[in-house]
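> Here is what each chain is made of, one letter per residue.
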Amino acid sequence: KKISKILISLVICLLVNQGRASDNQRLFNNAVIRVQHLHQLAAKMINDFEDSLLPEERRQLSKIFPLSFCNSDYIEAPAGKDETQKSSMLKLLRISFHLIESWEFPSQSLSGTVSNSLTVGNPNQLTEKLADLKMGISVLIQACLDGQPNMDDNDSLPLPFEDFYLTMGENNLRESFRLLACFKKDMHKVETYLRVANCRRSLDSNCTL
Amino acid sequence: MRNSGAVLILTFIAILTLQAAGVSPPGKPRLTSCRSPEKETFTCWWEPGGDGGLPTTYALYYHLENSETVYECPDYRTAGENSCFFNKNDTSLWVNYNITVVASNALGKNISDPVEVDVVYIVQPNTPEHVTAVVVHDEQGPFVRVSWEKPRTADTRSGWITLLYQLRVKQEKDKEWEEYNAGMQKYYNVFSLHPDKEYMVQVRCKPDHGFWSEWTQTTYVKMPDYITRERSLWIMITIFFVFIVVILTWTLNVKRNSVKLCLLPAVPGPKIKGFDKQLLKSGKSEEVFNTLVIQGFPPTTDYDNLLVEYLEVYDNEEQELVQDGKDLSEDCMKSKSPSDIDSGRGSCDSHTLLLEKCMDGREGSGSNQHQYSQHGETRWASTESSESQDPEPGSPESANGRGKTWPVVFPSPQPQPHHHYPVGAAKPAYHSVPEILNHLSPHAMSSNYHQLNHQDILQQERRFSKPACRHSQSYNQFNLDGIDTPAPGVAPSPSLEYVEVQRVNPENMLLLRPLSDPNREPEGSDCTREDYSKVKEVTSNNILLLQRDMSHQCVDDYSQADQCTTQQPPHPCKPAVHQSNSGMPQEAIRVMGNGYVDSTVLMPSY
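Just so you know, the protein sequences line up as chains A and B, in that order. Taking my numbering, the leading residue of the first sequence gets 10, the next gets one more, and so forth. Taking my numbering, the leading residue of the second sequence gets 723, the next gets one more, and so forth.
Incorrect hints may appear among the rest.
[Stated by the list, open to error] Taking lysine-lysine and the DSS-like style, the derived pairs with C-alpha atoms no more than 27 Å apart in a straight line are:
id : chain 1 : residue 1 : chain 2 : residue 2
1  : B       : K897      : B       : K928
2  : B       : K810      : A       : K100
3  : B       : K928      : A       : K53
4  : B       : K993      : B       : K1003
5  : B       : K928      : A       : K95
6  : B       : K908      : B       : K919
7  : B       : K993      : A       : K95
8  : B       : K908      : B       : K892
9  : A       : K14       : A       : K53
10 : B       : K1003     : B       : K982
[Unchecked claim] Distance ranges between label pairs, derived from CB positions:
id : chain 1 : residue 1 : chain 2 : residue 2 : range
11 : B       : L955      : A       : D57       : 51 to 57 Å
12 : B       : P946      : A       : E92       : 50 to 56 Å
13 : A       : K95       : B       : W934      : 30 to 36 Å
14 : B       : F913      : A       : E92       : 44 to 50 Å
15 : B       : S914      : A       : D60       : 37 to 43 Å
16 : B       : A743      : A       : Q94       : 53 to 59 Å
17 : B       : D930      : A       : Q94       : 18 to 24 Å
18 : A       : E92       : B       : D930      : 45 to 51 Å
19 : B       : V857      : A       : V148      : 45 to 51 Å
20 : B       : A728      : A       : D60       : 52 to 58 Å
21 : A       : S61       : B       : H859      : 42 to 48 Å
22 : B       : D930      : A       : V148      : 20 to 26 Å
23 : A       : V148      : B       : T791      : 37 to 43 Å
[What the hints assert, rightly or not] Chain B regions said to be covered by chain A (calculated; three or more residues, Cβ under 8 Å):
id : segment
24 : 813-825
25 : 876-883
Simulated from the structure, these hints should not be mistaken for lab results. These numbers were taken from a predicted model, which means no experiment stands behind them. Even glycine gets a Cβ: it sits at the ideal position worked out from N, Cα and C.
Start from the sequences and build out the full structure, keeping to the hints where you can.
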C-alpha cells in the first residue's frame, strides 16, 4: 500500500510537473512573443522618429552620435554569444527581468517623444506591455527557481537615476533619439536572452529549425 | 622665429614641388560597410581615397562607446583587401563601435569619417545552401517542392539567430520574379506552374532584425507535360455535347417527316366537290368552273311553261299601280345596279336588279319596281304609264315592253354555286325569268309579270295578299287557268302550285307558302301550313330558288292592304306586293295579291 501510494504521488507529481512544464513552456513562448513585439515596436518608433527629422537635424544627430549612457548600462548582461551560452537560464531570466523593469518608468516619457499611431490610442500602452512582460518573467523565474532560495542580489539594487531620462529635456532632439535607441537596444537584448533560454530548455521549440 | 618660418617656407616649397611631381598624401578613405554574418563576428570594408602616388598603408582604429581605449583592427587579412575582420573575442553586442580608417603614406595620412556600428543591427547572413527543387506528382497535379539548408554559419539551433527565408521563381523568358515568403521553414511548395516549362529558383534569408542575404545560385526545374484536371474536364464536356448534338441531328434527319408534320401541320386543301386542283393549277379557270356545274341542274328547260303558269293578268287596278309607280320610273331609270353582271339576258337575271335603287324614292307604293336591264330596256313604268287606263291587266305595259325586265326577285346578291331549291311543292316555284318573258303572249306577259321588290325588310314584316289584292288572286287564277300545261321541265311535280309569300324575313328571304286552296283567304293568315317555302335567291339562270322553311311563325302580313293594291305594278309577271317605307335600296320582293312569289319576268314588249 505504501509503495502504491508513493507511486501514485510520484505519478501525480510528474504529471503536475509536466503540466507545469507545459505551462512553463507556454509561458516562455508567450514571453518570447511579447518581447519580440516590444522590440518591433521600439524599432518602428525610432524609424518614425528618424523619418520625421529635418535634414539639418539629421546632420546634427550624426555628428554627435555617441549613444552611450543608456540607463541599463549598469546591468551586467552578456554581450556575446559565448557569454550568453555560458549564462544559466536563471541568470538570463533575471537579467531580462531587470531590463524590463528599468524601462517601466521611463516608458512614459517615451510616448511623449514619439507621437505616432502606436501610442495615440493608449499613451500608457507601452508601460502596460512592459508591466505584463515583467510579471511573466517573474513567474518564469519562480518556476525556474522551483523552491530554490533566491540567490540573486540584484533584485534589491535600486534603480539608479530613476529620473535619468527625465532630467533630459523632452524637446531635446538628441535626448529623444537616445531614449529611443536605448529602448530598442534593451528590447533586443531581452528578446535574445529569452529566445536562448527558451531554446535551451526545450528541444521541440522553433530553435531546431 | 626665423627657423620656423624657414621651415614652413621650405615645407611649402616641398609640397608644391611634390605636387608638381605628382605625389601627395593619401586621399581620404571611406568605410563602405560593416557586416556580421552570424551575429558573432563582423567585418568592415573601406575604400581607399587615393594613394597620392606613394605607397599608402591603411589602419583601422576603433573604440567602444563607453571607453576611450582605441584599438586597432586585429585582422586585416581574413576578409580580404581593405577589410578588417573582428572575431568573436573582439565582438561585443549591443555596444557601439566607433571605427575610423587612417590612410598614411610618406607624405602624410588621412583619416576617414568615423562610423558608429552596433553589431546586432548589421547582421547579414550568408546565403542559404543546398537549394533543391523537385517535382512532386500529386492527384491534383504536379507541383514543385523547393528545399534548402540554412547558411552554415548561422546558429539558429540555440536560438541565437532567427532566420526568415524567401524564394523566387520565374521562367527564363519572364521579366518579373514571383516571390514567396517561406517564413522560418526550410522548404516550400510552388503550385500553379505551367506544364512543360523550365523554371529558375532562388532562395535568400534574413535575420529577424537585419539585412537580406544574397540570392543563391539559380536552380533549374522543369515541369512535366500534363493536362490539368480542369482542362480535361472541359474536354470531356465538349466531347459529350458534340456527341449529343450529333445524335440529335441524326435523329431529326431520320424522323424529318414526322417532325415536319409536327411543326408544319398540313393545310387542308380545298374540298370542293368536283373541284379539281390540277385543273386549277393548269390555269384554265373555265374548265374548273365548268366541272362545278352539274349538268342538268337546275333544269333549264321548259322555263316557258313554268313561267306561263305563273303569268298574271292585270286589270285596271294595276294601272293605278302603274301610275303611282310612275314617279319612280325616273329614279329607276337612272339607277342601275352596279353589280348587275347580266350578260344580256335582261336584268331579271341579275341578282341585283335595280329594285333597291328604285325603292329609294318610293313612299309606300312599293308596287312599282322599275328596273332596267343593263341593256336599257324600258321600264315597266313607262309601259305602265302609257297604259294607265288600260283595263287589261298589265297589258299596256307588257305590250309596250320592249323587253321589260323583271324585277329581281331576290334580295340576296350572293351567288351561290349550289342551287337550292325546294323540293316538291316548291318545285313549281322555279321562276325562270327571261324565258318566261320570251314565251309569253303579250297578254299573258303583260299581265303576268311579277315584280318582286325586295325592300327593306329588316324592320317590317312584309304584308302580302291583302284583301284588296284579291284581284290579283283572281289573276292568279286566271293565270292558273290559262296555263294548265305544266312545264315539262317540272316533270317531277305534276301539279302546279301557287306559292304565297308569307313573309320576308330580315335575311331578305321570301317566305313562301304554297297555296293549296285558291279560295283561301289571305287574311286568314293561316298559320297552320307547314309547307311554305322561302325564296332564297334568283340564280343566274333566272331561277327563283325557294327554300322550304318549317319554322315559320305567323305574322300578320296583312296590315297593309292598301299598299298591296297600290303596289301592284302592271306587269305581266305577278309581282308580290311589299310594303316598306324604309326606302332602303335593297332588292324587294313584291307580292301581288296573295303574294305569290314570282320571278321577275321580262316585260314583253307592249
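> None of the hints should be skipped; say for each whether it holds.
Consistency of the hints with the structure:
no.	hint	verdict
1	B/K897 x B/K928	holds, 24 Å
2	B/K810 x A/K100	holds, 22 Å
3	B/K928 x A/K53	holds, 18 Å
4	B/K993 x B/K1003	holds, 15 Å
5	B/K928 x A/K95	holds, 26 Å
6	B/K908 x B/K919	holds, 24 Å
7	B/K993 x A/K95	violated, 121 Å
8	B/K908 x B/K892	holds, 19 Å
9	A/K14 x A/K53	violated, 57 Å
10	B/K1003 x B/K982	holds, 24 Å
11	B/L955 x A/D57: 51 to 57 Å	holds, 53 Å
12	B/P946 x A/E92: 50 to 56 Å	holds, 53 Å
13	A/K95 x B/W934: 30 to 36 Å	holds, 31 Å
14	B/F913 x A/E92: 44 to 50 Å	holds, 46 Å
15	B/S914 x A/D60: 37 to 43 Å	holds, 38 Å
16	B/A743 x A/Q94: 53 to 59 Å	holds, 58 Å
17	B/D930 x A/Q94: 18 to 24 Å	holds, 19 Å
18	A/E92 x B/D930: 45 to 51 Å	violated, 21 Å
19	B/V857 x A/V148: 45 to 51 Å	holds, 50 Å
20	B/A728 x A/D60: 52 to 58 Å	holds, 57 Å
21	A/S61 x B/H859: 42 to 48 Å	violated, 55 Å
22	B/D930 x A/V148: 20 to 26 Å	holds, 25 Å
23	A/V148 x B/T791: 37 to 43 Å	holds, 41 Å
24	813-825	holds (count 7)
25	876-883	holds (count 6)
Going down the numbered hints, you'll see the structure goes against 7, 9, 18, 21, while the others check out.
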